[in-house]
Amino acid sequence: MKKTRKLSAAVIGLVLSGAGATAILAQFLDEKEGNRLSAYQDAGGIWTICRGVTRIDGVPIRQGMRLTPNQCRDLNAKEAEKAIQVFRV
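Numbering (mature numbering (1 follows the signal peptide of the UniProt record, and there is no 0)), first residue to last: -21 to -1, 1 to 68.
Don't read these hints as lab results, they were simulated from the structure. Bear in mind the structure is a predicted one, so any value in this text is a computation, not a measurement. Fair warning: there could be bad hints in the mix.
[Stated by the list, open to error] Result set (SDA-like, lysine to any residue): computed pairs, CA atoms no more than 20 Å apart in a straight line:
1. K61 <-> Q42
2. K57 <-> A22
3. K(-16) <-> F7
4. K11 <-> A(-3)
5. K57 <-> K(-16)
6. K57 <-> V38
7. K61 <-> G43
8. K11 <-> G37
9. K61 <-> I35
10. K57 <-> G13
11. K57 <-> S17
12. K57 <-> T47
13. K11 <-> T1
14. K57 <-> G23
15. K11 <-> V(-11)
16. K11 <-> D36
17. K11 <-> V38
Sequences and hints are given; from them, build the entire structure.
Below you can see the structure in the form of structure tokens.
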């Protein structure tokens, strides 16, 4: 995966167009994390799935786990909403 410290033109375009936080976060995570349907170990050795999810309903991701595209879509949306809530006033 390509490492970069700059925001992509797509993310900047979403910000400048006034897109919502969910759309901006989705684009950013797709670029930085990808969306893997099979569990993998991240750089720190933590089992991860979808867009960087490490737990589902409090249960750690484990080797061999596999989700469908729809399951990842739903899980990613749930995790994104939790992340966005941290910054809402």
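Here is what the structure says about each hint:
no., hint, result
1, K61 <-> Q42, "25 Å, violated"
2, K57 <-> A22, "23 Å, violated"
3, K(-16) <-> F7, "11 Å, holds"
4, K11 <-> A(-3), "19 Å, holds"
5, K57 <-> K(-16), "26 Å, violated"
6, K57 <-> V38, "15 Å, holds"
7, K61 <-> G43, "26 Å, violated"
8, K11 <-> G37, "24 Å, violated"
9, K61 <-> I35, "13 Å, holds"
10, K57 <-> G13, "16 Å, holds"
11, K57 <-> S17, "18 Å, holds"
12, K57 <-> T47, "15 Å, holds"
13, K11 <-> T1, "15 Å, holds"
14, K57 <-> G23, "23 Å, violated"
15, K11 <-> V(-11), "11 Å, holds"
16, K11 <-> D36, "23 Å, violated"
17, K11 <-> V38, "24 Å, violated"
Violated hints, listed in ascending order, are 1, 2, 5, 7, 8, 14, 16, 17; each of the other numbered hints is respected by the structure.
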